[in-house]
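Keeping the supplied structure of chain A fixed, place chain R upon it in accordance with the hints.
Chains as they are written, first to last, in full-length UniProt numbering: chain A, 1 to 264; chain R, 1 to 341.
In case anyone wonders, no lab produced these hints; they're calculated from the structure.
Bear in mind the structure is a predicted one, so any value in this text is a computation, not a measurement.
Where is the CB? At the ideal position from N, CA and C, for every residue including glycine.
Where hints are given, some of them may not hold.
Taking lysine-lysine and the DSSO-like style, the derived pairs with C-alpha atoms no more than 30 Å apart in a straight line are [as the list claims (entries may be wrong)]:
| hint | chain 1 | residue 1 | chain 2 | residue 2 |
| --- | --- | --- | --- | --- |
| 1 | R | 75 | A | 94 |
| 2 | R | 102 | R | 131 |
| 3 | R | 75 | R | 102 |
| 4 | R | 75 | R | 105 |
| 5 | R | 110 | R | 133 |
| 6 | R | 131 | R | 105 |
| 7 | R | 75 | R | 131 |
| 8 | R | 131 | A | 251 |
| 9 | A | 90 | R | 110 |
| 10 | R | 212 | R | 31 |
| 11 | R | 102 | R | 212 |
| 12 | R | 133 | A | 251 |
| 13 | R | 133 | R | 102 |
| 14 | R | 75 | A | 90 |
| 15 | R | 31 | R | 102 |
So the derived label-pair ranges between C-beta atoms look like this [stated by the list, open to error]:
| hint | chain 1 | residue 1 | chain 2 | residue 2 | range |
| --- | --- | --- | --- | --- | --- |
| 16 | R | 340 | A | 171 | 48 to 54 Å |
| 17 | R | 233 | A | 252 | 55 to 61 Å |
| 18 | R | 16 | A | 10 | 29 to 35 Å |
| 19 | R | 301 | A | 92 | 49 to 55 Å |
| 20 | R | 131 | A | 172 | 18 to 24 Å |
| 21 | R | 64 | A | 157 | 23 to 29 Å |
| 22 | R | 105 | A | 77 | 53 to 59 Å |
| 23 | A | 73 | R | 194 | 46 to 52 Å |
Pulled from the structure, derived: some chain A residues nowhere near chain R, Cβ distances all over 12 Å [stated by the list, open to error]:
| hint | residue |
| --- | --- |
| 24 | 54 |
| 25 | 97 |
| 26 | 146 |
| 27 | 157 |
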Amino acid sequence: MRGRPVLGTLAVLGYIIMIVPILFVVSTAFTAGDALTFPPQGLSLRWFGEALAYQPFISALVSSLQLAVVSTALALLLGVPVTLAIQRGKIPGKSLVEGLFLSPLVVPELVVGLALYQQIMIGLHQTSFVALLVGHTVLLLPYAVRVTGASLALADPAVEEAARGLGASPLRTFFSVTLPLLRPGIFSAGLLSFVTSFNNVPLSLLLQSRQFRTLPVTMLDYVQQSYDPMIAAMSTLILAGTVVIAIVAEKTVGFAKIFGGINK
Amino acid sequence: MTNAAEFSGVTQSYGETIAVDNLNLQIEEGKLTTLLGPSGCGKTTTLRMLAGYITPSAGTITINGVDATRLPPEKRNLGMVFQSYALFPHLTVADNVGFGLKLRKVPAAKRRELVLHNLDLVGLAHLADRKPKALSGGQQQRVALARAIAISPSLLLLDEPLSNLDARLRVQMRSEIRRIQAETGLTVVLVTHDQEEALEMSDVMVVMRAGKVMQTGAPATVFTAPANRFVADFLGYENFLATADGSLLTVRPEHLRVGTAGGTTGGAPATGLNLPAVVTDSVYRGVDHIVTMTATDAAGQQTTLVSTTRRDTLSSDQSGVRPGDRVLAQARDHEIVRLAA
Chain A
1 MRGRPVLGTL
11 AVLGYIIMIV
21 PILFVVSTAF
31 TAGDALTFPP
41 QGLSLRWFGE
51 ALAYQPFISA
61 LVSSLQLAVV
71 STALALLLGV
81 PVTLAIQRGK
91 IPGKSLVEGL
101 FLSPLVVPEL
111 VVGLALYQQI
121 MIGLHQTSFV
131 ALLVGHTVLL
141 LPYAVRVTGA
151 SLALADPAVE
161 EAARGLGASP
171 LRTFFSVTLP
181 LLRPGIFSAG
191 LLSFVTSFNN
201 VPLSLLLQSR
211 QFRTLPVTML
221 DYVQQSYDPM
231 IAAMSTLILA
241 GTVVIAIVAE
251 KTVGFAKIFG
261 GINK
Chain R
1 MTNAAEFSGV
11 TQSYGETIAV
21 DNLNLQIEEG
31 KLTTLLGPSG
41 CGKTTTLRML
51 AGYITPSAGT
61 ITINGVDATR
71 LPPEKRNLGM
81 VFQSYALFPH
91 LTVADNVGFG
101 LKLRKVPAAK
111 RRELVLHNLD
121 LVGLAHLADR
131 KPKALSGGQQ
141 QRVALARAIA
151 ISPSLLLLDE
161 PLSNLDARLR
171 VQMRSEIRRI
181 QAETGLTVVL
191 VTHDQEEALE
201 MSDVMVVMRA
211 GKVMQTGAPA
221 TVFTAPANRF
231 VADFLGYENF
241 LATADGSLLT
251 VRPEHLRVGT
261 AGGTTGGAPA
271 TGLNLPAVVT
281 DSVYRGVDHI
291 VTMTATDAAG
301 QQTTLVSTTR
311 RDTLSSDQSG
321 VRPGDRVLAQ
331 ARDHEIVRLA
341 A
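Just chain A, with the same shape it has in the complex (with noise of 0.2 Å):
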């Protein structure tokens, strides 16, 4: 930062903006008292007790991780293929299906959800976690195919030429050697899916039913109704998660490595 006061002064500030609003979150939840106010009047873990006792949150998280983990899972399925068949490949029209699986990103996720609605939920009869789950492994497709395409660009072609060299079959050069190359760029991609489902609201929106409903929609209504602590508590829980996450992330493969070889 010495010598680069302005680059350094913006970066503090980027965090403050980042970090202040969630520390205020955070100290709430530990009040004793009985309202959403900052400063916290007393101290105590009374709302996360409350939080963790609420049924309709503890379901909903269930909800949330299934469609996560689920999803991610279709997602990097589906991606992993299109990438290696977009970047390795002698497909025609290359950049036309890389467009294709990028477009979720661009397109209305309430039109997705309408779509879904009208043709899965109503046209086939499927339940809403069906629905959503073919809706958030569209949305999730974009993350899947861009990450690990990331990834596989860095990758040095000739690291698989050279296994086909020595006699392995492409089925077997793919599992021994590009999957490996690769695995930091598929472990960044299903941990950026899993987040971005885990807290998606407009496909859930429209598309929840009474027996299936996501944490943030959940939240969502629970605010609307009362304004209590319990929400910053539960709130302050899926940060704690998160936090986790990126600690085993960064223990595990490195942020460095995961988001591109930025710092190596």
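Chain R only, in chain A's frame:
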């Protein structure tokens, strides 16, 4: 004399551009053949077709007498060393070298033995358990070499293997590769754009240009008797003089001497070249002294001549020449090469 590999009428085109044009080439068994030429001459495409990474648009490639034109790389049993080393970053040095052996289902104990033997051949047995990232560029290149020869390939293919190394290491690795070839008896095909490397390492040199072979032969033959102006140019001939009968003469700069009009150095050749010239530049460059001149050749064309002389063999009237001086550009008969066109 048998051929380890043979190209017959091989053409490779990408859309409009032709990378390799009707190539006929024999790779002799047990020899080190170099494909030499500037970038874009088709040498790398030729090697990659031999390795199976590119399928020719036309023609056939045989390896050990068997048609391999459409065989995928994994069925060719060739050892390839890439310019970028292309080591497997997630595997140890030993596992890199043992990769091909594992695919060939060599039992673990035997594999370990072969891995160490091949690492020993390149002098890196002590680094067997390191990851490639922990190795220097030169060491990585040796590992790549060990990995390629561990599978006992029918040919060893080297794609500009030394171009990423620093100058000193590059020269060292030349003799290292020659030694390994002598010890293993492998047929080697080396791609390079470095004429010195090709001259030093090859048994057979293939000079290429625009997808065509310009000349094939032993280094000493190609160097002393280049077939045409391109080969001569590429091998460092600099002085080109048209003759009255339409052929072209060339003299290497180190063979061209500067004689002064009055007294001459080393005696004026009776039959060689003795051409009046005007000095345009005279510079000192450490080991050499370089004199640039202009002269008019027998066809009446103005041409630039360059003479380099080792400073320790320089006579006083040579080092004393200044721009504007009238001199004689001289060469002996056997130093003059007659080119076809």
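Hint by hint, here is what the structure shows:
Between residue 75/R and residue 94/A, the direct Cα distance comes to roughly 29 Å. Compliance with the 30 Å bound is thereby established for this hinted pair. For the suggested pair residue 102/R and residue 131/R, the alpha carbons sit about 18 Å apart, so the restraint of at most 30 Å is met. Straight-line distance between C-alpha atoms of residue 75/R and residue 102/R comes to about 15 Å, which keeps the hinted pair within the 30 Å bound. Simply put, residue 75/R and residue 105/R have alpha-carbon atoms about 15 Å apart, close enough for the 30 Å limit, and the pair holds.
Between residue 110/R and residue 133/R the alpha-carbon distance is near 26 Å, which keeps this suggested pair within the 30 Å criterion. Our distance criterion of 30 Å between C-alpha atoms is met by residue 131/R and residue 105/R, whose separation comes to about 23 Å. Pair hint residue 75/R plus residue 131/R holds up; C-alpha atoms about 28 Å apart against a cutoff of 30 Å. Restraint check for residue 131/R and residue 251/A: satisfied, since their Cα atoms lie roughly 20 Å apart, inside the 30 Å limit.
For the hint pairing residue 90/A with residue 110/R, the CA-to-CA distance comes to about 39 Å; that exceeds 30 Å, so the pair is violated. For the hint pairing residue 212/R with residue 31/R, the CA-to-CA distance comes to about 21 Å; that is within 30 Å, so the pair holds. For the hint pairing residue 102/R with residue 212/R, the CA-to-CA distance comes to about 39 Å; that exceeds 30 Å, so the pair is violated. The suggested pairing of residue 133/R with residue 251/A holds, with an alpha-carbon distance near 20 Å, which does not exceed 30 Å.
A distance of roughly 22 Å separates the Cα atoms of residue 133/R and residue 102/R; the hinted pair therefore holds under the 30 Å criterion. Simply put, residue 75/R and residue 90/A have alpha-carbon atoms about 21 Å apart, close enough for the 30 Å limit, and the pair holds. Straight-line distance between C-alpha atoms of residue 31/R and residue 102/R comes to about 28 Å, which keeps the hinted pair within the 30 Å bound. Judged by the Cβ atoms, the range 48 to 54 Å given for residue 340/R and residue 171/A holds: they are separated by roughly 52 Å.
Between residue 233/R and residue 252/A the Cβ separation comes to about 57 Å, which falls inside the hinted range of 55 to 61 Å. Between residue 16/R and residue 10/A the beta carbon distance is about 50 Å. The supplied range of 29 to 35 Å is therefore violated. Between residue 301/R and residue 92/A, the C-beta spacing of about 52 Å keeps the proposed range 49 to 55 Å intact. One distance hint, 18 to 24 Å for the beta-carbon pair residue 131/R and residue 172/A, holds here, with the actual separation near 21 Å.
Between residue 64/R and residue 157/A the beta carbons are some 28 Å apart, a value that agrees with the proposed interval 23 to 29 Å. A hinted range of 53 to 59 Å is violated for the C-beta pair residue 105/R and residue 77/A, which are about 31 Å apart. Taken as a hint, the range 46 to 52 Å holds for the pair residue 73/A and residue 194/R, whose Cβ atoms sit roughly 51 Å apart. Every beta carbon of chain R lies more than 12 Å from that of residue 54/A, the smallest distance being close to 46 Å; the non-interface claim holds.
Every Cβ of chain R is farther than 12 Å from the Cβ of residue 97/A; the closest lies at roughly 21 Å, confirming the non-interface assignment. The non-interface label for residue 146/A is consistent with chain R: the shortest C-beta to C-beta separation is roughly 22 Å, beyond 12 Å. Not every CB of chain R lies more than 12 Å from the CB of residue 157/A, the least distance being 9 Å, so the non-interface label is violated.
Of the numbered hints stated above, those contradicted by the structure are hints 9, 11, 18, 22 and 27, listed in ascending order.
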